[in-house]
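> Model the full assembly from the supplied sequences, consistent with the hints where possible.
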Amino acid sequence: MTSNASIKTSLDVNKIRKDFPVLNQKINDYDLIYFDNAATTQKPKAVIEAMTQFYEHDNSNVHRGVHALSVRATEHYEAARAKVKRFINAKSAKECIFVRGTTEGINLVAQSFVAPYIVPGEEILITHMEHHSNIVPWQMVCKNRGSILQVAPISYEGEILLDEFEKKLNDNTKFVAINYVSNALGTINPVKQMIEMAHAKGAKVLLDGAQAMAHLPVDVQDLDCDFYAFSGHKMYGPTGIGVIYGKEELLNGMPPYQGGGEMIQYVSFESTEFAAIPHKFEAGTPNIAGAIGLGAAIDYLSSLDLDAIADYEDQLLHYATEAVQSVHGFNLIGTAGHKVPVVSFVHGKIHAHDIGTILDSEGIAIRSGHHCAMPLMDFYGLAATSRMSLSFYNTQQEIDFFIEALKKVKEVFV
Amino acid sequence: MSMDLRELYQEIIIDHNRNPRNHHPLDDATTQANGFNPLCGDKLTVYVKLSNDVVADLSFVGCGCAISQASASLMTEAIKGKTIAEAHELFQKFHHMLTLDEEPQFSAMDKLTVLAGVKAFPARVKCATLAWHTLEAALNKDTAVVKTE
Chain A
1 MTSNASIKTS
11 LDVNKIRKDF
21 PVLNQKINDY
31 DLIYFDNAAT
41 TQKPKAVIEA
51 MTQFYEHDNS
61 NVHRGVHALS
71 VRATEHYEAA
81 RAKVKRFINA
91 KSAKECIFVR
101 GTTEGINLVA
111 QSFVAPYIVP
121 GEEILITHME
131 HHSNIVPWQM
141 VCKNRGSILQ
151 VAPISYEGEI
161 LLDEFEKKLN
171 DNTKFVAINY
181 VSNALGTINP
191 VKQMIEMAHA
201 KGAKVLLDGA
211 QAMAHLPVDV
221 QDLDCDFYAF
231 SGHKMYGPTG
241 IGVIYGKEEL
251 LNGMPPYQGG
261 GEMIQYVSFE
271 STEFAAIPHK
281 FEAGTPNIAG
291 AIGLGAAIDY
301 LSSLDLDAIA
311 DYEDQLLHYA
321 TEAVQSVHGF
331 NLIGTAGHKV
341 PVVSFVHGKI
351 HAHDIGTILD
361 SEGIAIRSGH
371 HCAMPLMDFY
381 GLAATSRMSL
391 SFYNTQQEID
401 FFIEALKKVK
411 EVFV
Chain B
415 MSMDLRELYQ
425 EIIIDHNRNP
435 RNHHPLDDAT
445 TQANGFNPLC
455 GDKLTVYVKL
465 SNDVVADLSF
475 VGCGCAISQA
485 SASLMTEAIK
495 GKTIAEAHEL
505 FQKFHHMLTL
515 DEEPQFSAMD
525 KLTVLAGVKA
535 FPARVKCATL
545 AWHTLEAALN
555 KDTAVVKTE
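Just so you know, the protein sequences line up as chains A and B, in that order. The working numbering puts the first residue of the first sequence at 1, with every later residue one more than the last. The working numbering puts the first residue of the second sequence at 415, with every later residue one more than the last.
For the record, the hints were derived by calculation from the structure and aren't laboratory data. Take these hints with a grain of salt, some might be off.
No more than 27 Å apart at the CA atoms, straight line, and that leaves these computed lysine-lysine pairs for DSSO-like [to be verified]:
#, chain 1, residue 1, chain 2, residue 2
1, A, K174, A, K143
2, A, K408, B, K463
3, B, K457, A, K410
4, A, K408, B, K533
From the structure, some residues in chain A lie toward chain B, with a derived Cβ separation under 7 Å [unchecked claim]:
#, residue
5, H353
6, D354
7, T357
8, S361
9, G369
10, H370
11, A383
12, A384
13, V412
All of these numbers come straight from a predicted model, not from anything done at the bench. Glycine included, each C-beta is placed from N, C-alpha and C at the ideal position.
Spelled out as structure tokens, the structure:
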């Protein structure tokens, strides 16, 4: 039995849960316990309603029309961009480009910033804990351009080894791409320091912020990152929308990512002039409803007591960590000092897939697999882990039920 | 635990996972193939020793979830001694059992029917069929790595 102290919070978690309609259902006759938030978060009614409202009342294409609906749609879309600017404290809204998600944002920077300028022999530095979306685009650039991919090592606890990271930085390093928070381990990386180190060597830095947005306040000016990518659906917004933030002077110097309508000033068969940022990087009709949904997610988060949320999530993390450790045979993967509420674990004799299926039969949703981080799995000598990733709508009672289910998993196998 | 899950992890599956049959490499194998499930990391190699058109010996090595290991183990027991044609037929029957909405064509005595329960867990079907797809590849002398995607 765990001697875990009870979680105390000023949040009215039951009231918050009512904001999320999807949580109110049964899976296999059990109440749904959704512990897969790092894969995607659930959406509050406010987000769903904002998108429905758009389609029911304001739907029109943006930027091009002179009629009332088009003006309204454009206002909503650009208002969402302004909300993003404030949420991440960018200097200007035009530094916030709407894309499909973190992956597209990273690919945009790889193709439009790094690839055109990097020369053979120059280096791109990432870390051993990156998600495939922050590995493969750089591998593609290196293959295309003859540049070299360097990988900064991590400790067994799942932390960046800062002195090793610094050693990897040299005069050939032109670009650094690092995740702010690890999706598989929950580690929060000391990115501000890493950015300073990279800048000292003349390298530019992109942060993969996908896993940070739901848990940490982000101030891109304070971090001084050159680019920052994140997804709407990982922060209580819809899928299909995300943002790539870039410093204005850098974005201005970059060639477009995709060509088409919207991103032009003037088109003729003799020559075409591109639009200024942000529209230079937003070819075609954007995911207007998605952007509006993302804006509504930002509004929803901003309406909550974010300090209380951070404290509650920290308690959830510690409660869950102690609880999993208390069940003999389960081992934690990722024990960094600073983490978001993600707990990855393995059992010596039971495969992650089997754990996941048995938990699913009791209504519990966790993720089993390599978490799009195969090099990280290789580092631990594992094929897969089971991962529980929590949010402010999860509860201590859910964790207690989950622990009882984990014990049942053992009964089946051991 | 629901009845469905109980059926899935029945004694036979647990037993074959804990003590997989024919779980070793085959030095004098006629052919072999590798299989990989990228979704969860199940990996295995199937070794086949043919004597004319009979599967004289069959084994596997690998690591993965209980379903994939048990299925591989049960497969080696079912296929050993069968002809190549019978092996192909059994693969079809097994694949249908897991993917089509039909009553299993195996007799109730046949151990392979224990894996029919996997149908209720669509995310796990690929775990059960990995070894069989790999066997097919070995028999068809396809040396590329079999993937379940």
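> What hints, given by number in increasing order, does this structure fail?
Number 2 - this is the single hint that the structure violates.
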